[in-house]
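Trainee: The residues making up each chain are set out below.
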Amino acid sequence: MLVEYFTIGIFIAIAIAFACFAVLASHFLGQRKPSAIKQAPYECGMTTVGSSFRRVPIKYYIIAMLFLIFDIEVVFLYPWAVVFKEYRVFAFVSMAVFLGILILAYIYIWKKGALEWE
Amino acid sequence: METIGTILQWLIFLGMAFTSILASVLLITRKNPIHSALFLILNFLCVAVIYLLLYSQFIAIIQVLVYAGAIVMLIVFVIMLLDLEEELRSRLKLFYSKVIGSVLAVLFLFGLIYGLVATSPTGKTGSYTAEKMSANVKAVGEALFNQYLFPFEVVSILLVVAIIGAVILSKRKLS
Amino acid sequence: MQVLYLLIEMIVKCVVVFACLMICVAYLTWLERKVLGHIQIRYGPNRCGPYGLLQPFSDAIKAFFKEDLIPGRADKPVFVLAPMISIISAISLFAVIPFGNQFTIPGTDWVVKLRIADVDIGLLYVFALASIGEFGIILGGWASGNKYGLTGSLRAAAQMISYEVALGLSILGIIILSQTLRLTEIVHQQAGGFWNWNVWYQPMAFILYLICGLAEINRTPFDMPEAESELACGFNIEYSSMKFALFFMAEYAHMVTMGALAVTLFWGGWQPPFPFLSFIPGVVWFSAKLFVFLFFFIWQRGTFPRLRYDQIMKFGWKVMVPLALANLLITGLVVSLKG
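Chains as they are written, first to last, in our numbering: chain R, 1 to 118; chain P, 1 to 175; chain W, 1 to 339.
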């Protein structure tokens, strides 16, 4: 089993080597004549106003939180789906309870307006 | 074949263990929280490889999917939610949290040492051997249905609490 | 000796797959420009070589020799690291895709299996590595120190994580039917002709997968992170030379893997559509099916307009997630009653 993962490791190592090669090669091959105006943020030719960083709206946080929770839910569902056919109705009922509770929460956030995007 | 495999496993283990320690030291010493988040990802990836060496493929990939993927993504969003420049300017008083943190760290260290030194009372190893773990997802699924069905159902309530908490915290000002 | 042979086989396999993937990515950019050109009644690239076939190489040379610009406000280490994260994860995704069955090297009894690795958690591996790749985009936009870049990367990240939920849910029906996450086994179960392919048993999952896949790889109609007309290029606005090319290649490599995964899960992988056609090697069938998907990805880009961002997010959470859940519950019900 570990042999398979070792092969994946070699493949990822090749990918890392390629990425490093590409960045380094363009670093050394390309000409470099930096100037203040060239290094300014590109805003379609307009003069940059204020800091480039702005605080993110809170709705992104809600999305990230929902994603985390649903991701954990999906992760629980994977081993369940693998053994589903061995347990049949029992598997379906136990999962219906699990999913049912979460669907209630899903309806709650829908009604609460957390999925709206204005 | 056997010896080469064992040596290789040891080398990979040592490399990953030291990288993860290094990453966690860098993680708590960086000034910029986004850099810390990057080292957190590196740390999680190293831990995932160590899980693989223990033949726990499912836990390893969950480590990447949930921890390195979802949780760090949430952390990155939260970091972007804050005004970092102002946070750095205000110079948070970290004294108490440093004291509490170091006490907890020392306790954790003792726990780790105990865990390493202590042997199991019966002297037996667990039932999940390397051969059984090659079909790891199936083993996890069966354990979920047989031994851990009730905790598994309760987890859904935990997730619901988390959802409701997140929505109430973020929607309070609007309504 | 055996160990040495095994090591050589691994390295050769990895290098060959990597080279094929890179060539595929290079010619996918050519194909996209050519097809889009013909859709819009233009020629597309036709100056470098016959039919513009050398265009990818001239692009690569150009990218290498362009000035490697790092903007003054950028966070330098993260700025350099972000495209690397993107391309590394996009390439590594392909490691678990089975692109053929196996063949014996003539004159020996050494069997070469045509996949880099066959692991028990194959499907989860793809999702896990894809979720690491999302950091490349969000960190790239953040590190640029540019308002457009930050907005683009945030939108991209929020869109990708939203559709990842629906993507994960839509696949579950297939897993219930095939009882494994091992991609080779999923392919083996679809043997014996096109009527055994999973797409007939899980048509809803197939459609959901395609839509979520498009959103995951940020293609039109979900190419919000780029949105030339309002964000000027989105997360990669400050990137130039090879770093930009890395993001670009990552997108296409991800596209190839998305197509390859669709072939593996729904269209029977390397299996021929009719049993009597099995004398043609599996790799050919796999490539042919993959080409259909890649052509579809390009074709729909030339057809659909871009959606508005709030529409995309609402669609993801209010349409895709409930549909995927419904598909899962119905599949579960039918399987548990019928067997």
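It is possible that some hints are incorrect.
[As the list claims (entries may be wrong)] Quick list of in silico lysine-lysine cross-link-like pairs, DSS-like style, CA-CA up to 30 Å:
id, chain 1, residue 1, chain 2, residue 2
1, W, LYS62, R, LYS111
2, R, LYS38, W, LYS66
3, W, LYS76, W, LYS62
4, W, LYS76, R, LYS59
5, R, LYS59, P, LYS138
[Said to hold, decoys possible] Rough simulated footprint, nothing fancy, chain W against chain R, three-plus residues with beta-carbon under 8 Å:
id, region
6, 2-8
7, 24-36
8, 63-70
9, 95-101
[Stated by the list, open to error] From the structure, some residues in chain W lie toward chain P, with a derived Cβ separation under 10 Å:
id, residue
10, PRO45
11, ASN46
12, GLY49
13, TRP142
14, LEU177
For the record, the hints were derived by calculation from the structure and aren't laboratory data.
Virtual Cβ for every residue (Gly too), placed ideally from N, Cα, C.
Trainee: Next, verify each hint and record whether it holds.
Mentor: Consistency of the hints with the structure:
Proximity of W:LYS62 to R:LYS111 is assessed by CA-CA distance (about 53 Å); at most 30 Å being required, the pair is judged violated. Taken as a hint, the R:LYS38 and W:LYS66 pair is honoured in the structure, with Cα atoms around 14 Å apart against an allowance of 30 Å. Simply put, W:LYS76 and W:LYS62 have alpha-carbon atoms about 23 Å apart, close enough for the 30 Å limit, and the pair holds. At most 30 Å may separate the alpha-carbon atoms for a hinted pair to count; W:LYS76 and R:LYS59 meet this at roughly 29 Å.
Pair hint R:LYS59 plus P:LYS138 does not hold up; C-alpha atoms about 37 Å apart against a cutoff of 30 Å. Given as covered by chain W, the region 2-8 of chain R passes the check, having 6 residues with a CB less than 8 Å from a CB of that chain where 3 are the minimum. A stretch counts as covered by a chain when three or more of its residues have a beta carbon under 8 Å from one of that chain; for the region 24-36 of chain R and chain W the count is 10, and the coverage holds. With 5 residues carrying a beta carbon less than 8 Å from a beta carbon of chain W, the region 63-70 of chain R meets the three-residue requirement, and the given coverage holds.
By the rule of at least three residues with a Cβ nearer than 8 Å to a Cβ of chain W, the coverage given for the region 95-101 of chain R holds, with 3 such residues. For W:PRO45, the interface hint is violated, the least distance from its beta-carbon to any beta-carbon of chain P being 37 Å, above 10 Å. The criterion of a C-beta within 10 Å of any C-beta in chain P is not met by W:ASN46, whose closest approach is roughly 42 Å, and the hint is violated. Interface hint status for W:GLY49: violated, as the beta-carbon distance to the closest one in chain P is roughly 41 Å, over 10 Å.
Hint on W:TRP142 holds. Least Cβ distance to chain P is approximately 7 Å, under the 10 Å limit. Hint status for W:LEU177: violated, given a least beta-carbon distance of 15 Å to chain P, over 10 Å.
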